[in-house]
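These protein sequence lines are chains V, X, L and E, in that order.
Heads up: the first sequence begins at 66 in this note's numbering, then just goes up one per residue.
Heads up: the second sequence begins at 66 in this note's numbering, then just goes up one per residue.
Heads up: the third sequence begins at 66 in this note's numbering, then just goes up one per residue.
Heads up: the fourth sequence begins at 66 in this note's numbering, then just goes up one per residue.
Misleading hints may appear alongside valid ones.
Claimed, not checked - Listed next, the in silico EDC-like pairs over lysine to aspartate or glutamate satisfying Cα-Cα at most 16 Å (straight line):
1. Lys292/V / Glu359/E
2. Lys148/V / Asp311/E
3. Lys206/L / Glu113/L
4. Lys292/E / Asp311/V
5. Lys364/X / Glu290/L
6. Lys148/L / Glu359/X
7. Lys292/X / Asp311/L
8. Lys292/V / Glu145/E
9. Lys148/X / Asp311/L
10. Lys292/L / Glu359/X
11. Lys265/V / Glu168/V
12. Lys364/L / Asp311/X
13. Lys292/L / Glu114/X
14. Lys364/V / Glu113/E
15. Lys148/E / Asp311/V
16. Lys292/X / Glu359/L
Because the hints were derived from the structure by calculation, they are not lab data.
Predicted, not measured: the structure shown is a model, and the values here were computed from it.
Number of protein chains: 4
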Amino acid sequence: MDFNTILQEIQEEIQKYFTKGKLANYIPMLTQANESDFAMSIITLDNEEHHIGCSDKKFSIQSISKVFTFTLALEYYSKELYKRVGHEPSGNPFNSLVQLEYESGTPRNPFINAGAIVTTDCLTSIYKNNAFDEILAFMKKVSHEENITYDEDIFISELGHGFHNFALINLMKSYQNIKNPIDDVIQTYFKQCSIMMNTKQLAHSMLFLANHGKDPFTKEQIINESKAKRINSLMLTCGHYDASGDFAYRVGLPGKSGVGGGIVAVVPKKMAICVYSPKLNVHGNSLIGTKALELFTTKTGLSIF
Amino acid sequence: MDFNTILQEIQEEIQKYFTKGKLANYIPMLTQANESDFAMSIITLDNEEHHIGCSDKKFSIQSISKVFTFTLALEYYSKELYKRVGHEPSGNPFNSLVQLEYESGTPRNPFINAGAIVTTDCLTSIYKNNAFDEILAFMKKVSHEENITYDEDIFISELGHGFHNFALINLMKSYQNIKNPIDDVIQTYFKQCSIMMNTKQLAHSMLFLANHGKDPFTKEQIINESKAKRINSLMLTCGHYDASGDFAYRVGLPGKSGVGGGIVAVVPKKMAICVYSPKLNVHGNSLIGTKALELFTTKTGLSIF
Amino acid sequence: MDFNTILQEIQEEIQKYFTKGKLANYIPMLTQANESDFAMSIITLDNEEHHIGCSDKKFSIQSISKVFTFTLALEYYSKELYKRVGHEPSGNPFNSLVQLEYESGTPRNPFINAGAIVTTDCLTSIYKNNAFDEILAFMKKVSHEENITYDEDIFISELGHGFHNFALINLMKSYQNIKNPIDDVIQTYFKQCSIMMNTKQLAHSMLFLANHGKDPFTKEQIINESKAKRINSLMLTCGHYDASGDFAYRVGLPGKSGVGGGIVAVVPKKMAICVYSPKLNVHGNSLIGTKALELFTTKTGLSIF
Amino acid sequence: MDFNTILQEIQEEIQKYFTKGKLANYIPMLTQANESDFAMSIITLDNEEHHIGCSDKKFSIQSISKVFTFTLALEYYSKELYKRVGHEPSGNPFNSLVQLEYESGTPRNPFINAGAIVTTDCLTSIYKNNAFDEILAFMKKVSHEENITYDEDIFISELGHGFHNFALINLMKSYQNIKNPIDDVIQTYFKQCSIMMNTKQLAHSMLFLANHGKDPFTKEQIINESKAKRINSLMLTCGHYDASGDFAYRVGLPGKSGVGGGIVAVVPKKMAICVYSPKLNVHGNSLIGTKALELFTTKTGLSIF
């Protein structure tokens, strides 16, 4: 398959969608993105790379960070994590308190905000004050990239406007499902959301999940095969908030989106993909990113189904 | 009617219920109450007073404060208040976030926590840093009692454990239904809940609501007749969380309970009543207080129905 | 008080509202009402009568029938009834299945459709095939009016379009909270809703509830004083679906509305009132009827608060 | 891979689970199943067959029928079907009316009861009185088996006890999302649930979905490739009610369960599987069937992730 040609076709076919969608506006900093940005990166397990668009431009990874923190917590803390976070689709928007209250503070899965905050609380229990440093170290390891950090302005913007996340963490604390001080956990959480990466780096970072848990180049087993499959399964059923079914239906690949405009996806045993475009659809997922991935699986037949 | 005899009968008949119910435990300070305490005070519009039990013992008024802050806000701010807080029974427990999320941050009524917090936010917009002082001044005026203050230990205990209230205020802030800084509003709210009063003082404080808004002794019109009736109506339909219907059904008087163990009630055009006993029923209302008021209306026929 | 003058003032002041509201459209027959109809009847316990408008025109009493079936069931069946129907405001529209499912088939109160259907099921258990005849006989007794029956066309229209009520009764049957065959119960229920009465007759029928359960003319104790007060309390907290709090707030009298356009209300120890106007507000209550009652209590001061 | 050995290992390892789970009891007929029954069938695209247990014993396919009716409706009616049924996980038990009411009568997906009833309504619009015959004809075609019919006793049992399904269809009718008479649609629906098949026949019937829509033996394209993938995607995200995420997590294959005790699953491009054991777990899925499939993917590594 000629991936360069496919990427070029995709880039052409998505042009008509640039008039649609809206930049994330729940924190002011995200409204400053460039609406016409587009990038897509493919990296195969045998180290073939294909990129198109602004694939060197960094953006905040936002909820894509949840895949990595969950991986980290699952490796060191799976028994407790399984008790405190479920793995069912929520059937509700990403920030719903309703489900959380009906289910007494236990989030449906680690890829909605509440579940990701509990995951970060688990990492805080393990790593104490170093939790964010360890998350960053893990990102560097899986991306093979030393030069990764978070954006201070975005972090501050999250802290000052993330009232809904403060509501979630306080609600879970009232149900004793947050073990560490709220301020410690929420700061680490907002920092991980503010990590800046480009599509090349993110595609690279997902390769171990396409390869049954093993880094295809260093051969390090980042997480065991069974857990890697479960993370992929979670991305498929829960990776796109209340549009997860639609994404599975249209794209047919495990993936995870972030409100910064990025989406990562894996083709098991073959490759990892990352696409970026900052305008979001009504479900909070990159509108053009979703479209590009749908075109990709239609053109290549590389759906898991 | 011989109210002293009636109070004595009530005190006897409630004895068997002291084994039931549980102290409030959502903040540690409230668990230190004396489980066997009981007090009941009746003050008529023509200044007849009847008391039984520990009617000089002060307890934290908790949600009873909502009646007074709502009165104050209604007088100075009614137009905006009507837009930001409803007046329908919630049909849900006092701290439900579910309703609040479905209805985009607009609390059902001013007597559930969320509605009372919005009310305190209104008072903060009017009185700025003096909000709590003004609330306290109002309590002193309506109770004819200078010696009223809040309990610092209870206040600190609320601040350190009131995660659910923090969740509520953050959720409403995310819907722009809180105008002032969260910390300012929540501190005033927790202080008003920590105000210490006894049944004599609270019964006295409710007389203006039994008297169509006018203080029966000073003749000051605290609030106009129409608003006074509406506050009574709200107490009847919403004064006891998700047991409001049951209270109206059994007692048949407008009233308001607090998790500190107090309940106030009014017999329109006749008298105000306050009862205290700290153990709560499953709905978070004083178990013996509710029973005592039910006995009172059964014995006297003084229901509004 | 000169009630004739007051009724005339009300009739004038409501004229401007005739452009507002909408006829009930959930069954076709109800859309045939005359939009400009208005009637109001007041009957006092000492047999003074005041009427204005088309007070001889009959309309289908619809949900007003719930007051009478509940009275009848409460007298003969109260123990079981208390277990199977609650007495809390629902906080939801009159036909909500949500609450019913969360609470396993137990309706919140007897004045929402689900609760009224359970009440009719109770009457079916007592009276078997004669259930509707007994309901009609009761209506004749309390109205002192032999010439009352139901409208066959409206009944057929309900049967053919009342899918939501069929959903409710089937859901409750699945929770074993309906004891008799669905068809028997639903037919009786739709017949009771189709009973045709005018404001004179309905006002008359409510007098026993204004008089602590006793017919003021025959002196027959229809229901005991305690139960009569509880029915009044239920009308106040639950009589107008999810606008019950608003009705209590604005009108301040126990009352019950029907989608046919009628509203009944009582002033305890004084009088019964019925108002009719077929266009409904968004909550399904007569728009002009609600307005007229609000004007009535404002002008007379006859609120219970 | 030696599938016979694997099936034998599975049969041994599941023995300890026979003490767990419960027969479906929502209709009386299903309680008559033999608790110790177990069967598992694997059929590959190149026509290798492996069976273990009572693979000739027929059971009612129940919700497994939803896969086939949805396939049929999708082929002839996809435009309208997409408007009337969603494709998101429900996050709720299979029979929830809550979601249906909040979303105005539009079911979340075709594999919960409400969505399957709308699907059957679509087929009734196409095939009129022949709807059930066409469904049965389709089952015969995809299973290569003439001798398939429904069980009259189970059908009658469903009709007499399926109150919850009657509630669902009436609710959707009230929202105009059912176009045909309720009795016609519900009878066809209950008949399709009562179709009797064994694991051999069901595994055979699923082969076209493992083969991108084409019957691997007759080479007939039952449904196009894109639609076949979408059906697989729907089975993965929504095939097991509110345990769909868990099934994807543990088993990692598209599948569909029925309360009769059957579960079908496909390994795309490789094979179809059916397992049967009548005792259900708390989510209404075959307890041993789920366990057997989990063992199967663990032993073979044949998850799609």
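Verification of the supplied hints:
no. : hint                : in the structure
1   : Lys292/V / Glu359/E : 14 Å, holds
2   : Lys148/V / Asp311/E : 14 Å, holds
3   : Lys206/L / Glu113/L : 19 Å, violated
4   : Lys292/E / Asp311/V : 13 Å, holds
5   : Lys364/X / Glu290/L : 13 Å, holds
6   : Lys148/L / Glu359/X : 20 Å, violated
7   : Lys292/X / Asp311/L : 13 Å, holds
8   : Lys292/V / Glu145/E : 40 Å, violated
9   : Lys148/X / Asp311/L : 14 Å, holds
10  : Lys292/L / Glu359/X : 14 Å, holds
11  : Lys265/V / Glu168/V : 39 Å, violated
12  : Lys364/L / Asp311/X : 31 Å, violated
13  : Lys292/L / Glu114/X : 31 Å, violated
14  : Lys364/V / Glu113/E : 31 Å, violated
15  : Lys148/E / Asp311/V : 14 Å, holds
16  : Lys292/X / Glu359/L : 14 Å, holds
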